[in-house]
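Q: Once you've looked at the hints, go ahead and assemble the two chains, each given alone in its own frame, into the complex.
As they're listed, the protein sequences go chains H and E. Note that numbering that gives the first Met the number 0 has the first sequence beginning at 0, numbered continuously upward. Note that numbering that gives the first Met the number 0 has the second sequence beginning at 0, numbered continuously upward.
The hints are simulated quantities; they were obtained by calculation from the structure and are not laboratory data. Model, not experiment: these values are computed from the prediction. Backbone N, C-alpha and C define an ideal beta-carbon position, used for all residues, glycine too. Certain hints may be false.
Stated by the list, open to error - List time: in silico DSS-like cross-link candidates among lysine-lysine, alpha-carbon distance up to 30 Å:
no.	chain 1	residue 1	chain 2	residue 2
1	H	602	H	495
2	H	69	H	39
3	H	69	H	442
4	E	206	H	132
5	E	217	H	132
6	E	170	H	312
7	E	170	H	39
8	E	125	E	110
9	H	21	H	445
10	H	39	E	125
11	H	29	H	194
12	E	110	H	312
13	H	155	E	47
14	H	155	E	125
15	E	82	H	155
16	H	39	E	110
17	H	65	H	145
18	H	170	H	65
19	H	314	E	170
20	H	312	E	82
21	H	144	H	65
22	E	82	H	39
23	H	21	H	155
24	E	110	H	155
25	E	165	H	39
26	E	110	E	47
27	H	442	H	194
28	H	39	E	217
29	H	442	H	132
30	E	217	H	155
31	E	165	H	314
32	H	39	H	21
33	H	567	H	481
34	H	553	H	588
Claimed, not checked - Listed next, with one range per pair, are the computed distances between beta-carbon atoms:
no.	chain 1	residue 1	chain 2	residue 2	range
35	H	300	E	27	55 to 63 Å
36	E	167	H	654	43 to 51 Å
37	E	128	H	235	41 to 49 Å
38	H	408	E	133	50 to 58 Å
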Amino acid sequence: MNGTSASAAVAAREDALDTLPKLLISNASKYANRPAIRHKDFGIWQTWSWSRLHEEVRALSIGLRKLDLKRGDTVAIIGDNRPRLYATFAAVQCLGGIPVPVYQDSVADEMAYVLEHAEASIAVVEDQEQVDKVVSMADRLPHLKKIIYDDPRGLKDYQGSNLHAFTDVQKLGRDELRGNPGADGWWQDEIAKGKGSDVSVVLYTSGTTGRPKGVMLTHTNIVVSARNGNRFDNFGPDDTLLAYLPMAWVGDHLFSYGQAYAAGMCVCCPESPETVVEDRREVGPTYFFAPPRVFENLLTQIMVRMQDAGWVKRKMFDYFLAVAQRCGENILNGKPVALADRLRYRLGDLLIYAPLRNRMGLSRTRVAYTAGEAIGPELFRFYRALGINLKQLYGQTEASVYITLQPDGEVYSDSVGKPGLDVEIRIADSGEVLFRSPGVFLKYFKNDEATRAAKSPDGWVHTGDAGFFDQRGHLKIIDRAKDVGRLNSGALFAPKYLENRIKFYPEVREAVAFGQGHDYPTMLINIDPISVGYWAERNNIAYGSYQELAAHPKVYEMVRQRVDEMNKALAQEPQMAASQIRRFLILHKELDADDGELTRTQKVRRPFINERYAALIAALYDGSAACHVATEMTFEDGRKGVVEGDIRIVDMPVYPAPSEPLREAAE
Amino acid sequence: MKADVEPRPVVAGDAALAPGEVLLSVEHVSLSFGGIRALRDVSFDIRKGEIRAIIGPNGAGKTSMLNVINGFYHPQDGIITFKGRRRHNMRPYLAASQGIARTFQNVALFKGMSTLDNIMTGRTLKMRRGILAHMLHWGPAQREEIRHREAVEHIIDFLEIAHIRKVPVGKLPYGLQKRVELGRALAMEPELLLLDEPMAGMNLEEKQDMSRFILTVKDTFDTTIALIEHDMGVVMDLSDRVVVLDYGRKIADGTPAAVQGDQAVIDAYLGVAH
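Isolated chain E (complex conformation) (with noise of 0.2 Å):
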């Protein structure tokens, strides 16, 4: 009866990923608005089918990180290079297009649309057939768009939301509302997820819930994430490998483990006079 989702197309050119190959490189990257320099000289990577949480106390930049993978900062230093190929002049609809989906920290949804409707959104980049077309609703608009109303469907059974596929989303809780703004993400079947603080305001059976989709997330559709969250329970017990920022620059890299035993990220936390 549950057939999984469709398939993600492979775009021509695109060699698919082996898992543990590096899917995006971030290298030497600086980003400054003005005389404020938001990041330093920051390098890591991210490797298909891991889970990178971004962490770091407040300010340290984790957001402008994910703005500049996003493509919706430009660095003024440094190299981005997203499946193999190095990126210029990116556009953050260009990186949707090409497979990066993320969520914000102030939930982004469109307010008076129900939760539905919000989901089908995501679906925009895969939608063939022209406004005109849709508008009249007939043989090839119609069936592309059962097609993507069977995608989202999927998705609300997934994330469990089905009882509130007809609500507008404004009148949701906070933690609900995060729920769908995934699903919108995951409409994109994205190949690089982003999170920004997923889990923010969010009591502890939401966060359980929340933890729980985004592990299914990984496995299930295959997505590599990348996560920035606060909840350092969350980040030990869900992440591969945490990358530590502070005050724009990369403190710390590696392990869970490895990174809550680094002095650096420890003075960072209990703060340490700069």
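So here's chain H without its partners, still in its complex pose (with noise of 0.2 Å):
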């Protein structure tokens, strides 16, 4: 048999398999006795064989026939990561019926919005907690006739006709499967009927702005955005992955229900949230995906317990650490290096590397994957650092998760990556990413004018963020479109960008960039008051107030040159030369939510600090070496003071951006 013909038939049989229930029934006969799900129940792991796996989902599925669930109906799901709820997506998918996943940790009004909008007939939950916050609601939800919940504890004395057992649905569909000879090749009809372009899911976005919208995906998108993460990352049978994040997510849903159908993979679901951690360390997941902060956490808590042990120990994992950061990441991108650092670090991961990432969980883990916020560089490295393959990737829930990801040996800490498989990417005028792809959904569900603003008809959509392609060919996302502005040069400017960056270095905590509407870009900086105190301490400086070290000329002499490099940095990238900083200054007080600079949530309020800082913003433009100012603070307890002083504004060199021309665009 030749090559082409070969990828004929994958293709002509993957053309087949068009929907997740006929991919469940070949997985149950391709795989028949391997893992599908796994689940610590009471201290044990228990596992469900794809047929296994089968034989639920038919029960269930043939029982919510038998509750009157019909074509086109849909279903809520609430709960934490379940075996029994992934089959719930499954059994509802064979009568072409509509999953809607919902968060369990959303507030009532939220929740009951969600199965209101999405009329959900059932709602399958994992316990007591769901069902009572379900049927608190009740009263607003018409269209709900039944609540299924997978865990019967403190629900014994509960009553009403409407409120079934899990257990007892799938009962239903047994003793129907037992009576009745047809069933078996009715529900194989059934499942025969569905059409790649039925809608699979709707899954609800927590949108920062208004009420959440539901997003339909359609089962070609879920299950080709599946087959196309798994090729690109060598999915397939032998990977097991931890299903913890929230099930509503696209993420999950499209990892540990997509991926995991596609590729045959074991998806493996927790005891219960707080023991995650151990739960990951017993599976050893070969893929794993997590936000930043989580892995933010795994580092803290690997440096407390360093300072917790013996010396030995520790001048090990110092010296080790130096070892890794220097060369980790070389020998990890298959880049070349020095033998004797090449057998530094294998030392070093005999004795050091490997432990930690067992400790971790994450010694069989051969990607990982973060996206949702910046990382931060060092965090990136400290992990690739270790020999863990944690790459990032952007993408949205409009888009069936993926828009780009990072290709081994092409792992960059400051971009999202290159297109995914069957991407395109196109970057608007206004500096907006606009993609499409087989992902691309259906549309908003019961919101049409929501659908025309994201996606217009020849399948373009509008991600609101603005980003650009680097000389690499990798996108890197600056700012959410709407903040992004123009220099007078007409030079894009995107403050958050800038901002991000120089929060990156340790001695910044806050700062602020200017620009729109300016010819150059200006910043105020906070400087961070415990790493430069550390520094201050160390190196003998003394200061009696935040305003008296944030003014040392030291200090500023360590920002000016931080913001020296991150000039260099920006110099190199074509789209981003014109936002050098020429101007900044250190504020004399720390930004603080008590004085309405920063909202509680530790963001800038930008239109309050234009306003109130006026004078030095005037000054970080008319070209003045200082200014004067005094600002009304409030202090802890409550008393106002003010704090005056002079300010000195720094000026800084600018770089030439790189003569050759600008790559080709990516699309």
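A: This is the structure we're talking about:
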């Protein structure tokens, strides 16, 4: 058989398996006794093989039919990651129903909105807590007819004909299968009726503004995106992952359901949300996804524990960590490394890195992804230096996750990678990132207006994020598109991008960039009193107050170097070269939520700062070398006072942009 | 997937009591240490299936009372009847084998042992095989351990302490240690559970959790509970009947509402000259 006909055969087989239930049937015969899903229950990992999963899904599915679930009905799924809830996805889809996973910890009002908007006729929930929640909002949910619960604890005394135990529904199905010889055939026919273009799931995005929107994804969206994701990182039936992120989140839906079905992977459900770390160690997932804060917490835990370790261990840890920082990433990326370093790294792996990876439950991890927000370069490098293949991806619900991913060997902390398989990306004139892919969502549920705003008729979707391609062909996301402005020269100006970059330096706590409607960018900087204070202590620099420390010439010099480093790096990026900071100053007081300068979630309130520090901003642009300010501030105990002083403004040299021409656009 | 804990074996000759019947009665009990009279002529009963609170100001004799029921102290006077049988020469291990479990005011766990092992010790009385067999860990002894481990896992699941299963209890925060101690008492599958200040030193959330556990224990494990508690809110919400002690005397006995309005109780708590 030659190559083309082989791949044509694969393509034909894939075309035939165009829905998730069809994948399940195929997996049940292909991987019959291989593990499909595991769950730790009463301290022991219990396994469902693919054929067992098939049987469980069939029983539930026919049971749901008995409860009158019809094609096109929506079924809400609420709870932690549980095998039975994952089985519910497939069981509902077998009948042409549409599962709607809901964030289980959302407040009652938000949950009620989603259930009401989705017109869910059945809610499948984890336990008593969720039953109580759904029952309490029942009068707002005219469509809801049945509640099915997985864990019966505490529900013994609950009455009501609309409340069913999961096992009872399955029993309905099993009785039917026993009593009616045609039931299985009928069920298979129902699955065969499903098409790739059918809606497979509705995922509600937790919008930061306004009500959540229900993103409708088809079977093709999920199946093709899952296959592409698997192909990108070579996932197969030997891979294992831990399902611990909310089931309502598109990432979990695609990884733990879509990709698991497409590749025959084994999905492990933790015993409880509190045991995830231990469970991860026991399972040893080969694929691991976590938002940056999880990696941050892991690192903090390790560092704290190392503080308590004996001095021999500590010395070894410090030494080999330095080795890893020097050459670990190059080794992982397959770049040339000196033999001596290679040997040292080998030894370090034996003594430090492997035990550390084991502690984190990442010993077998082949691919780890992070996404959601910017990850600090130090943090990112730490994991990669230890030999963990941590990568970044960029995606959203409307794309069935994947927009860009970092390919092995091309991993940079400051980019989100290259377009995924079959993904086209275009940068609009406004700087906004647009994409088109097989994962592009069908539409928003009952919200055509929002659909029209987000998706053009020819399939391009607005991400709402501004970004650009760097010289390596990697996408960089700089800010929300609506926050991106222009300098007077017409060059792009993304304040958040500049602020985040400077904030990655430990000396900088907060920063505010200006430039919109000006000739060049400038910056107000807040130093980090802890890190700079520690530095001052070690260097015998005496200071009496934050203001004094902030104005110290040596502190200014240190920050100047950081800004200079950033400018140098910005100059390397043609689209960002114009954003080099020309002038900056260090603010005499910390930006504080009590003074209204930050929101309670520690985000900068730009308009307020523009007004309050108008004099400073004017000074940044009038060329003066210093500016006198008097600012009212609120102390911790609520008293108010005034801080006053002269603030020095520093001019920065600007580096020329590289002369080579812009690389061709990436599309 | 989740079966309830195996039914409690009924000891031959024990008639199962119906809810509301007297499980334990204390009649005219007095206890003194040298010249100090800790309990003076105290009488009350605990009925099957209720939550019975014992309250009173500091030094009222609450813990002494619990220790008497538990068989740790021997009253100089008075009669104690448990399940219709009058008790003589009681010892704590006898009380335990008859189905009385307790927790302590100051957590009394094996600090160096894991949560799992601590709760496992609560099964000791139910172990049938000898030390040697268990050391060999083979055949019947192994099967027995697996059976007990299963019962313990149900308790761990019930008390939501799976995440600390293997953590030495000495490293746990106080609130969790209390929960582990409750777990160990539950592992005995007691008929009467004595709780000595189960919520002492807990924050509000921990108290709410503990209250929920106590109520569920009563309902699902069919356990009668006697508890000492200082938090009046907890006592009033949880208990079916309250007995109030002051200076070793019983000064009131009744429903929480009745006790709350009792003048003698108010005086005892606010401090009236004696």
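Q: Now tell me if each hint is right for this structure.
A: Going through the hints against the structure:
Simply put, residue 602(H) and residue 495(H) have alpha-carbon atoms about 11 Å apart, close enough for the 30 Å limit, and the pair holds. With a CA separation close to 33 Å, the supplied pair residue 69(H) and residue 39(H) exceeds the 30 Å bound. At most 30 Å may separate the alpha-carbon atoms for a hinted pair to count; residue 69(H) and residue 442(H) meet this at roughly 22 Å. Among the hinted pairs, residue 206(E) with residue 132(H) is consistent with the structure: their alpha-carbon atoms are about 22 Å apart, no more than 30 Å.
Restraint check: the Cα-Cα separation between residue 217(E) and residue 132(H) comes to about 24 Å, which is no more than 30 Å; the hinted pair holds. Among the hinted pairs, residue 170(E) with residue 312(H) is consistent with the structure: their alpha-carbon atoms are about 22 Å apart, no more than 30 Å. For a cut-off of 30 Å, the pair hint linking residue 170(E) to residue 39(H) stands: about 24 Å separates their Cα positions. Between residue 125(E) and residue 110(E) the alpha-carbon distance is near 23 Å, which keeps this suggested pair within the 30 Å criterion.
Between the alpha carbons of residue 21(H) and residue 445(H) the distance comes to roughly 28 Å, so the proposed pair stays at or under 30 Å and holds. At most 30 Å may separate the alpha-carbon atoms for a hinted pair to count; residue 39(H) and residue 125(E) meet this at roughly 27 Å. A threshold of 30 Å between alpha carbons decides the hint, and for residue 29(H) with residue 194(H) the separation of about 21 Å falls inside it, so the pair holds. With a CA separation close to 26 Å, the supplied pair residue 110(E) and residue 312(H) stays within the 30 Å bound.
Our distance criterion of 30 Å between C-alpha atoms is met by residue 155(H) and residue 47(E), whose separation comes to about 21 Å. In summary, the hint linking residue 155(H) to residue 125(E) is supported, as the alpha carbons are separated by about 28 Å, within the 30 Å threshold. Distance restraint check for residue 82(E) and residue 155(H): the Cα-Cα separation of roughly 29 Å lies within the 30 Å cut-off, and the hinted pair is therefore satisfied. Among the hinted pairs, residue 39(H) with residue 110(E) is consistent with the structure: their alpha-carbon atoms are about 27 Å apart, no more than 30 Å.
Between residue 65(H) and residue 145(H) the alpha-carbon distance is near 12 Å, which keeps this suggested pair within the 30 Å criterion. Taking the CA atoms of residue 170(H) and residue 65(H), the gap is near 11 Å; set against the 30 Å cutoff, the hint holds. Simply put, residue 314(H) and residue 170(E) have alpha-carbon atoms about 26 Å apart, close enough for the 30 Å limit, and the pair holds. Our distance criterion of 30 Å between C-alpha atoms is broken by residue 312(H) and residue 82(E), whose separation comes to about 60 Å.
Simply put, residue 144(H) and residue 65(H) have alpha-carbon atoms about 13 Å apart, close enough for the 30 Å limit, and the pair holds. Distance restraint check for residue 82(E) and residue 39(H): the Cα-Cα separation of roughly 40 Å exceeds the 30 Å cut-off, and the hinted pair is therefore not satisfied. Distance restraint check for residue 21(H) and residue 155(H): the Cα-Cα separation of roughly 37 Å exceeds the 30 Å cut-off, and the hinted pair is therefore not satisfied. At roughly 36 Å between alpha-carbon atoms, residue 110(E) and residue 155(H) are farther apart than 30 Å, so this suggested pair is violated.
Straight-line distance between C-alpha atoms of residue 165(E) and residue 39(H) comes to about 15 Å, which keeps the hinted pair within the 30 Å bound. Straight-line distance between C-alpha atoms of residue 110(E) and residue 47(E) comes to about 33 Å, which puts the hinted pair past the 30 Å bound. Proposed proximity of residue 442(H) and residue 194(H) is supported: the alpha carbons are some 17 Å apart, at most 30 Å. Proximity of residue 39(H) to residue 217(E) is assessed by CA-CA distance (about 27 Å); at most 30 Å being required, the pair is judged to hold.
At most 30 Å may separate the alpha-carbon atoms for a hinted pair to count; residue 442(H) and residue 132(H) meet this at roughly 29 Å. Distance check on the hinted pair: residue 217(E) and residue 155(H) sit about 14 Å apart at the alpha-carbon level, within 30 Å; holds. Annotation: proposed proximity of residue 165(E) to residue 314(H) holds, straight-line Cα distance about 29 Å (limit 30 Å). Annotation: proposed proximity of residue 39(H) to residue 21(H) holds, straight-line Cα distance about 27 Å (limit 30 Å).
For a cut-off of 30 Å, the pair hint linking residue 567(H) to residue 481(H) stands: about 27 Å separates their Cα positions. Between residue 553(H) and residue 588(H), the direct Cα distance comes to roughly 17 Å. Compliance with the 30 Å bound is thereby established for this hinted pair. Checking the proposed 55 to 63 Å range against residue 300(H) and residue 27(E) shows it holds: the Cβ atoms sit about 59 Å from each other. The hinted window of 43 to 51 Å between residue 167(E) and residue 654(H) is violated, with their beta carbons roughly 57 Å apart.
For the hinted restraint 41 to 49 Å between residue 128(E) and residue 235(H), the CB-CB distance of approximately 47 Å keeps it satisfied. Between residue 408(H) and residue 133(E) the beta carbon distance is about 55 Å. The supplied range of 50 to 58 Å therefore holds.
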